[in-house]
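Participant: The listed protein sequences derive, respectively, from chains A and B. Going letter by letter, the first sequence gives residues 1 to 342 in our numbering. Going letter by letter, the second sequence gives residues 1 to 342 in our numbering.
Among these hints, one or two may not hold up.
Pairwise CB distance ranges (calculated) [to be verified]:
(1) A:S68 with B:E243: 46 to 54 Å
(2) B:F274 with A:Q78: 44 to 52 Å
(3) B:D282 with A:A55: 50 to 58 Å
(4) A:K122 with B:K83: 50 to 58 Å
(5) B:W271 with A:E280: 21 to 29 Å
(6) B:G324 with A:W271: 50 to 58 Å
(7) B:K178 with A:S334: 36 to 44 Å
One-sided and incomplete, this derived list gives chain A residues near chain B with beta-carbon spacing under 7 Å [said to hold, decoys possible]:
(8) S207
(9) N210
(10) G213
(11) E216
(12) T234
(13) A269
(14) V273
In case anyone wonders, no lab produced these hints; they're calculated from the structure. On a predicted model such as this, the values are computed, not experimentally measured, just so you know. In this text, a Cβ means the ideal position worked out from N, Cα and C, and glycines have one as well.
2 protein chains.
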Amino acid sequence: MTSAPIRIAVDAMGGDHGPSVTVPASLAALQDESSLEIVLVGLAERIEPLLAGAAASLRSRVRIHPASQVVSMDEKPQDALRKKKESSMRLAIDLVKSGEAHACVSAGNTGALMATARFVLKTIEGVDRPAIISRIPARHGYTHMLDLGANAECTADHLVQFAIMGSVVASDMHGIAKPRVGILNIGEEEMKGDGVVQEAARRLSASKLNYIGFVEGDDIFSGDVDVVVTDGFTGNVALKTMEGLVTMLVSAIKAEYTRNPLRYLAAAASWPVFRSIRREFDPRSYNGASMVGLTGVVIKSHGSADVVAFTNALRIASIEARKGVPTQIANLLSAQQEGSAA
Amino acid sequence: MTSAPIRIAVDAMGGDHGPSVTVPASLAALQDESSLEIVLVGLAERIEPLLAGAAASLRSRVRIHPASQVVSMDEKPQDALRKKKESSMRLAIDLVKSGEAHACVSAGNTGALMATARFVLKTIEGVDRPAIISRIPARHGYTHMLDLGANAECTADHLVQFAIMGSVVASDMHGIAKPRVGILNIGEEEMKGDGVVQEAARRLSASKLNYIGFVEGDDIFSGDVDVVVTDGFTGNVALKTMEGLVTMLVSAIKAEYTRNPLRYLAAAASWPVFRSIRREFDPRSYNGASMVGLTGVVIKSHGSADVVAFTNALRIASIEARKGVPTQIANLLSAQQEGSAA
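The following block holds chain A by itself, in its conformation from the complex (with noise of 0.2 Å):
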């Protein structure tokens, strides 16, 4: 299949690896796709030597935009939005501005991402706040859940939006027809989420999408939701809470395999039910959250993310662009809105 080309700019600095990690992944992402051009945005003395053995087919698509500078994983967004006007995440996320660029994918610091991106890019006619959606393992698939941890506190209306935006990502990048909607909450009837999650359930169940009430923390792997509807903070925290409880199980299923040479020889048995399980569960086909409302495509890579992690990342960049998601989420909006009118 012949396809339009797509252009990604990667944050080659960015991330706790940097060029070692962006820019291999870069190629494979390079060598997986044969209509994606990426422009790596950093130090060209760090990221040349790392294009060095690249075939010719993929060095060819590949073009180094000089960044003088680099945000740090710990900087406070304000001074990487005031200081770090030459950084390599700033130069990506202009380069999408400018139309450059049909993406951007950014390993680095959270927070400097989200306000730049805001800043630079703007937010959709509609959208009051950009979120962060991922998509997380469930029993049918995968769920996508929103926000991640951008907006600490949210009104109403931005979880509205928030499910107009979950709806447009689960049916148009990920092909789920009438994507099942839910708001988290508890599950105590009399104790149950404030005001907000109320008025929020209120609106969702007189709009055009596929409301279907609220759901539990355990919801979010049960299959009977496909966009889980929540404020950043709580949003944060159940990622989290998931990203430790797995990395605690996993320990502590090694440590029992090595307990004994026994323990080993059962491993070695266990080897093709072990390849299955993390072919399914790997967090790294998973890394990737998208911040979504903004007027371009940007993608937010896990920090500590390898190869195989980023050219994921790179690849919801591409899928994300091709599918236009920004445009498709600007035109549920103001057809939601017309509704709303009608």
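Assemble the complex: chain A is given as a structure, and chain B must be docked to it using the hints.
Facilitator: Positioned in the frame of chain A, the structure of chain B alone reads:
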């Protein structure tokens, strides 16, 4: 060791399984602990047959306290409070109030149990809101987390009180000297939680507690914190997220191990590993959440608890009663107040 007898009132009708779980679990707890006495509160005709085969040494320590009503699992808390004054749940709590029992345990409707316990027992002086606390398995053993769902919205005052109550449970009940207390928050510096968590953090820094600062979702399992403080909305979502994730993983692993005969062999070889992991992380061994902040000991068992799980909830009730947790909380609260007044 001879200890003073502890008497527990059991809501025999509560939970998904009622007496078929609560009665055998009570007998198991009596078997484990020779100084324990149990009052089974409920419909005598449902309870009596289940005691028929019990050894005389156990039977002599059980008394049936008749109750003519049952609170259903989906009953509204206010309805339960107003219309079910003869329910097994209500009468079990009444027995704690009158001093006839040192603690009560119910697997019934959480909202109804909390509302009734609060109405009958009242809160300890200095505690505005009772909270639900439970142990969560972690790398170093377990973390105590509260609130797990009693209060969807919390003020800084509430969070400070939760920190004090969590410290008492961790130190007095579980022998953790100077428990490390953290407030759950999200990582992005500029997006961190609102004024409530910031204010609670300031006050805990100035308290006599061993406050270590903000923690994130993954820290629940990291071993770096002993008491995790959060509002009931976030806490409940985190707890349910853990439950949902573990359920999904266990079912995925089972599916992989039963895919073909070779996999069955691998499963057999891995049996000791599963047994250890299960022993370490079995949710049944963590069953029994305390409703702390009340003047008496009230333990909530999971509604779906089986005999093993419910027995564990009884064990927790016995320890909490023996340690006098409500008194310890009252003491630490007044010590903090003297500290802050000084």
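Participant: It remains to establish, for every hint, whether it holds in the given structure.
Facilitator: Structure-based check of each hint:
1. A:S68 with B:E243: 46 to 54 Å: Holds - the Cβ-Cβ distance for S68 of chain A and E243 of chain B, about 49 Å, lies within 46 to 54 Å.
2. B:F274 with A:Q78: 44 to 52 Å: 50 Å, holds
3. B:D282 with A:A55: 50 to 58 Å: The hint (50 to 58 Å, Cβ to Cβ) holds, given that D282 of chain B and A55 of chain A are roughly 52 Å apart.
4. A:K122 with B:K83: 50 to 58 Å: 56 Å, holds
5. B:W271 with A:E280: 21 to 29 Å: 23 Å, holds
6. B:G324 with A:W271: 50 to 58 Å: Since the Cβ atoms of G324 of chain B and W271 of chain A sit about 52 Å apart, the hinted range of 50 to 58 Å holds.
7. B:K178 with A:S334: 36 to 44 Å: Cβ of K178 of chain B to Cβ of S334 of chain A: about 58 Å, so the range 36 to 44 Å is violated.
8. S207: Constraint on S207 of chain A not satisfied, violated at 23 Å.
9. N210: 21 Å, violated
10. G213: At about 15 Å, which exceeds the 7 Å cut-off, the nearest Cβ of chain B leaves the hint on G213 of chain A violated.
11. E216: 5 Å, holds
12. T234: At about 5 Å, which falls below the 7 Å cut-off, the nearest Cβ of chain B leaves the hint on T234 of chain A intact, so it holds.
13. A269: The hint holds - A269 of chain A has a Cβ within 7 Å of chain B, the shortest such distance being about 4 Å.
14. V273: 4 Å, holds
Of the numbered hints listed earlier, those contradicted by the structure are 7, 8, 9 and 10.
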